[in-house]
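A.B. asks: If you read the sequences in order, they're chains W and Z. Just add 947 to wherever you are in the first sequence, counting from 1, and you've got this note's numbering. Just add 947 to wherever you are in the second sequence, counting from 1, and you've got this note's numbering.
Incorrect hints may have been included.
If several chains are the same, the list does not tell them apart, and a pair holds so long as it fits within one copy or across any two.
[To be verified] List time: in silico DMTMM-like cross-link candidates among lysine to aspartate or glutamate, alpha-carbon distance up to 25 Å:
#1 Lys1003 to Asp984
#2 Lys1121 to Asp985
#3 Lys1003 to Glu1013
#4 Lys1003 to Glu1053
#5 Lys979 to Glu1045
#6 Lys979 to Glu1094
#7 Lys979 to Glu1088
#8 Lys967 to Glu1053
#9 Lys967 to Glu1097
Don't read these hints as lab results, they were simulated from the structure.
2 protein chains.
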Amino acid sequence: MKATDKKVALEMRGAHNAMKYCSQCGGPVTLKLPEGDDRLRYVCEACRVIHYQNPKMVVGCIAQWESEILLCRRAITPCIGKWTLPAGYLENGESVQEGARREAYEEAQAVVVELQPFALLNLSFISQIYFMFRGRLPRREFAPGPESLETRLFREQDIPWDDIAFPVIAETLKLFYSDLPGGNFSFHLKDVHQDKNLILC
Amino acid sequence: MKATDKKVALEMRGAHNAMKYCSQCGGPVTLKLPEGDDRLRYVCEACRVIHYQNPKMVVGCIAQWESEILLCRRAITPCIGKWTLPAGYLENGESVQEGARREAYEEAQAVVVELQPFALLNLSFISQIYFMFRGRLPRREFAPGPESLETRLFREQDIPWDDIAFPVIAETLKLFYSDLPGGNFSFHLKDVHQDKNLILC
């Protein structure tokens, strides 16, 4: 492999969020290969700090009320007007189950109980890891939060498959409805690949 | 709640990595509550960019060879000389299973196959999420990588419980040996709390 090919390969592996200045000293940063490392990192030219970047976790849940599940219609970009499961970025200091409960409350003003781990979905192409739960609504109470236009319970036959916001959400729902008939839910691990032909929203 | 109490409560929820300068424009950042948010964030005073900070994922595995499992003795801080499972930070562009396989190869020069999700452990007090697999060594081949002093297979009765590097690793091993007798491995979700009386290494 030529040196330039190697650099391109390393850059491909990095999937960096652009960074221009050091968050510690304000000096300029450069993308380079630190000694003993095999990935390009932003390194400060002034104070030599190496800035590591890592994937973000998204947590969410499928909340059941009897035989129906709760979906939210998005009020924000991307995919305004499309349906999704309540989910969002995990925050510092939170457990994954706390994050999933918070998102259900923020997006659908819904209390969700009895959370069970259901699936981890890798979205490596955007460095996101989705961790999804199954849960139960103890009361038939929900309403749109500030990020939702509408919240609604759906029976399986009414799921708006053509209007689901993201492929990862459609994939989660498919796994759920595949397990549902037997009532035998297993934990799923799945890679969701970027579909270049897909218009996302 | 007084305004100062509220600020302290919000700071507690943040668990921020200190940041002084904006990585986009080099301007000074301030910890403040953006409009419509409920968490303090670093916000650039010059370009107004909000810098979100999120938990990091650590991925690793319990690699089995017949009735033994693979441990590594750490050559690096923290906990030099203590035993651990091969595990490390998930990198951008990686799936969790790719990350776990990479860490096994880097730390123990071991190829691990048939990875099965085993446990997610929340370390909320340091904003880390551990995702651990079970796996199998197809060959009895391993050796210390640059971050290990020694790599070894252990039978259950020989596990050096008093010399395990981190509580999260001891917890993972306990869950594994609890499932092992019945051969019925389930997926575990667990919170690991900071033990203030515990000297870590």
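A.B. asks: Determine for every hint whether it applies to the structure shown.
C.D. replies: Results for each hint:
no. : hint               : result
1   : Lys1003 to Asp984  : both (21 Å within a copy, 19 Å between copies)
2   : Lys1121 to Asp985  : neither (37 Å within a copy, 33 Å between copies)
3   : Lys1003 to Glu1013 : neither (32 Å within a copy, 35 Å between copies)
4   : Lys1003 to Glu1053 : both (19 Å within a copy, 23 Å between copies)
5   : Lys979 to Glu1045  : between (37 Å within a copy, 23 Å between copies)
6   : Lys979 to Glu1094  : between (39 Å within a copy, 21 Å between copies)
7   : Lys979 to Glu1088  : neither (52 Å within a copy, 33 Å between copies)
8   : Lys967 to Glu1053  : neither (33 Å within a copy, 30 Å between copies)
9   : Lys967 to Glu1097  : neither (40 Å within a copy, 40 Å between copies)
The structure shown violates the earlier hints numbered 2, 3, 7, 8 and 9.
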